[in-house]
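Since the structure of chain S is already known, use the hints to place chain B on it.
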Amino acid sequence: MTCPLAPFEGGQGEVAKLNTVNLLPYQSLLKETIIGLLMLLLFSGNLAAQPEFDKHLSYQQIISILDNNSGQTTEALRNQALAWYHWAYYDEKKTGNSDNAFLYLDRSADRFLKANDTSAYMRVSSDLADRLVERGLFDQAFRIYHEALAYFNRKGSLYPATHILTRLNRACLSNRDTAEARKYREMYLENNKILQDTAIEIMMMEDEIGKLQKRLQYRGAKSISFRALKMAERKELDDLINRTQFSYAENCRLDRDYKTALEYYHLAEQSGPTQFIRRDIYHGLSETYSAMDSLRKANYYAIRYAQLGDTLLDMGRLSSLQELVVRYGTEKQRKVIESLQEKNMEVRSTAEMQEGWLYTLIVALFAVGLSFFFILRDYRHRLRTNKVIAAQTAALNLQHIRELEDQLKIDTMKSMLVGQESERRRIAQDLHDSVGGLLAATKMQVEKLSEKNGGSEQNAEWLKIKTLIDDTVAETRHIARNMQPNTLLQFGLATALRDLTSHFRADGMPKINFQQFGDFSNLDHNLALNCYRIVQELLQNSLKHAKAKEILVQITCSDNQLELLVEDDGIGYAADTIKKGMGTDNIAHRVQFLKGEINLQSAKGQGASTLVTIPLP
Amino acid sequence: MLGIFPQGPKSPTCSNTTDNMIRIFIADDHAMFAEGLESLLSGEQDFNLVGKAGTAEETLRKVRMSPPEVLLLDINLPDQSGLEVCKQLREEMPDLKIMALSMFSDESYISAMLGMGAQGYLLKNTGKAELCTAIRSLAAGKTYFSKEVTDVIMRGLMENRTGANAAKEAPKVSRRELEVLRHIMDEKTTPEIAQILFLSEKTVESHRAALLAKLGARNTAGMVKTALHWKLLD
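In order, the protein sequences belong to chains S and B.
The opening position of the first sequence corresponds to residue 481 in this note's numbering, with each subsequent residue numbered one higher.
The opening position of the second sequence corresponds to residue 235 in this note's numbering, with each subsequent residue numbered one higher.
These are computed hints drawn from the structure, not numbers from a lab.
Every value quoted in this text rests on a predicted model; they were computed, and no experiment measured them.
There's no promise every hint is true.
[As the list claims (entries may be wrong)] Derived pair list, reagent style DSS-like, types lysine-lysine, alpha-carbon separation capped at 30 Å:
#1 S:K710 - S:K694
#2 B:K459 - B:K436
#3 B:K406 - B:K422
#4 S:K928 - B:K381
#5 B:K459 - S:K991
#6 S:K739 - S:K710
#7 S:K991 - B:K465
#8 B:K296 - S:K928
#9 S:K991 - B:K422
Chain B on its own, in the form it takes in the complex:
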């Protein structure tokens, strides 16, 4: 009786796939690149290329219909960001491994992609050997990142660490802030400082706010105390 109602997609039956092959899906809008990737991967015995797509919409549709093990996902899809695709698919299919492929090596892209649940991030100039290793790592449940990507992540972490260790070294205060600080310690008021430094009162106020934040102080007294501690005015 139910046969007469509209049906959802049928679950896929992959009779031609043996269990030990890694099923791979390529999502990239650059046809030439996708083809190159395809021909590069087709030489491998344990890879089975199950499909490819050039838009986010197509990717979502095809991957949902027949989920691969590893999805090679371009961040720069024409209709929707790869970030969004990654997020959606990870929510729907927790078992799917997603490898971001990108021309971008910006930290923000990398951390955003990791935040969306991608297990790997490769730059598009990655060689074949690395690509294959990366895919196999992902299929085995591990993560994989290009060296350049790892460097970017490490640099970001290092910077954060210096941020966390800020108490051990003097806070970085700009020259203008320093001048404002000097006048504050001379008990000058905001309008007076503004007049002396040829700045607007608003700007002086914002310098003062930045100083409070950088020196981790709640009021002028705390600010002066910290400044003296670090000998900022010497």
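With the rest of the complex left out, here is chain S:
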């Protein structure tokens, strides 16, 4: 069968973009090519509908396809998908970065999926996943494989599903998860019992060959690749014959059977390989001749390899070429160059040494003169200004000491506050998770027991125990909330403060009015926690001491500052009578730590108002 869609050959000058950008090592390149071809063979029944993956599209063409196909019809979706596909490779080639390419390929696969184009979907999605695997992004790759697998399973398409299984197997191997890999391998082997597909069988053989090559068992690899070749010949699959010939040649070379290798390389060269394979054939030929010490021929094929590499835009070729030139360059030339270089160095170093001496002398003289000048000037200067300097230094030192002290204070405070908070968090957690849970469990057991004793809900003693437990639970909850406001973490400062104020809403308590202005959603957690504590302390002071009827809690957040206001209409206090209690100290520390300001307003009998202003970073 001659495959009407030798896909990687499409338009001699415009080699399949898919491959031009693959900067893969040589071995996996070969594998990719073979798999790509096999994949298309699998779908040869569907050839008429194959999208033009390998046609070269310019940036303008891609854009205009996207512009003209905005609809959701199958045709439009397919065109979109194709455009994204090409864009992916265009972008990657242009930027050298694959991140966007992954995104675009994902879009392309998605569009093909929506268009229900099974074969194209499989090609793009497995292509994407393969590349993710190359980059070590296994999680994403597995997700894509599994999505595709689920889709094909749903559709009952055995070919593509099997194909994906082979890919999964390969990916697991790359991820060193041999157990998973074995699982997938068994699955696709099982599937192939039904499919009996030569392409997949050969693919499996390629797997085997790859494994053997890794273990350096070239003889085994050689015999399997020979079997693959014979199988391809029996089925008369031209492209497979070409590739298996090449593969056999490679394995012969690795097994040091150079004569056979040469024979099959030349056979493969004549049986119409793609540019891609052709290049690899030249590489192999060059290596073989080099191993056979026929350096002239090795050099000839190395150059042809490099020339082809030019058209293929492979980055790897440059280094290979240099390597080859160095390896096959004549010994004589190298020696001449070396001796010339040595001579050059000698002459240069003598000249440099003489020059160096002269400069050193000049510099030394100059330095001596200069230092005399400075010493004299400095001495005179110092005599005159000694006193001023001393005073200035003292002032500077003092300031420095003050700054250091401040910094030390802030540091101490910071570590104290941080330590305090983390301790509180721990205790609150314990109270909640452990004591709270245990109490709830205790209550249940008590209930059960009371039920056993005749369901005596009215029994006063049982009731008392239950009430006690309830009170303990409520108290635990209250302490835990004081220790660590859970809502602060979950919902932010404004909600947490609203909750805080709402907990004091009861008969006989002052009426608390809570107001908020601005957006509090982007506050740093530490800042929010400190602000919460400040308001909490201020509120508690008002509740405890002020005998107020109404309390206003108001927080305002603007672009560059945060205002916390707690105001009551209670008994007030004269400014100098504030007790240096734990609370006010704590507030002052926190405000200082946040580089904010406190503004207190109060007088006897006129309530109190505390405004804390904190700058935002």
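Then chain B, alone, in the frame of chain S:
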């Protein structure tokens, strides 16, 4: 042919369950509490405890595999918030009844949980009788909340109502704002007010903004008009 592909979870077959029993699932990371709950519920004839889990991940997995009728869900799961679990499960299974179980009686938690689609909210010190009533209510398609929870919700609603009725009573203005307002009515500029009150201009500006918001005014003239209307400066 499909048998050789990886399979999704099989749909559950509950042969040992009769139709009129309420299938209950417990999600709580506190083992002691979960056990207590289990032993408390196991005494009831019409309850069938189908499973329990200690993490959000486990809960999602098990509930998806074998959906219960009523899920008792702790808000405070170790790996993920119960809120998130509630949201996900409600989206996937509209028929599932979710009862939040929590140590928290904060309004924000309660309203968040209701917002995520929970039909009930119980505090963890709830007694057996109430617990059973709550579960049966949920199974019958009704909602259920502890008394304390209802109180919290009511208080929140009341506060909102006073907010909505704000036009009927004077807006709550802080003393500092009042001072700023007084100076504004004396036609003082922001820098002048800042100087008089020993405040930064920024703070004065933010007081002015708060005043505009509280008095529902668009500019200084409107602000003055509303202030006069409520006799704020008397």
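So, going through the hints one by one against the coordinates:
1. Taken as a hint, the K710 of chain S and K694 of chain S pair is honoured in the structure, with Cα atoms around 23 Å apart against an allowance of 30 Å.
2. Taking the CA atoms of K459 of chain B and K436 of chain B, the gap is about 24 Å. The hint holds against a cut of 30 Å.
3. Pair hint K406 of chain B plus K422 of chain B holds up; C-alpha atoms about 23 Å apart against a cutoff of 30 Å.
4. Between K928 of chain S and K381 of chain B the CA atoms are separated by roughly 22 Å; this keeps the pair inside 30 Å, and the hint holds.
5. For the proposed pair K459 of chain B and K991 of chain S, the alpha carbon gap of about 28 Å is at most 30 Å, so the pair holds.
6. Taking the CA atoms of K739 of chain S and K710 of chain S, the gap is near 19 Å; set against the 30 Å cutoff, the hint holds.
7. For the hint pairing K991 of chain S with K465 of chain B, the CA-to-CA distance comes to about 22 Å; that is within 30 Å, so the pair holds.
8. Only pairs whose Cα atoms come within 30 Å are accepted, and K296 of chain B paired with K928 of chain S is accepted, the gap being roughly 28 Å.
9. A C-alpha spacing of about 33 Å is found between K991 of chain S and K422 of chain B, which places the hinted pair above 30 Å, so the restraint is violated.
Going down the numbered hints, you'll see the structure goes against just number 9.
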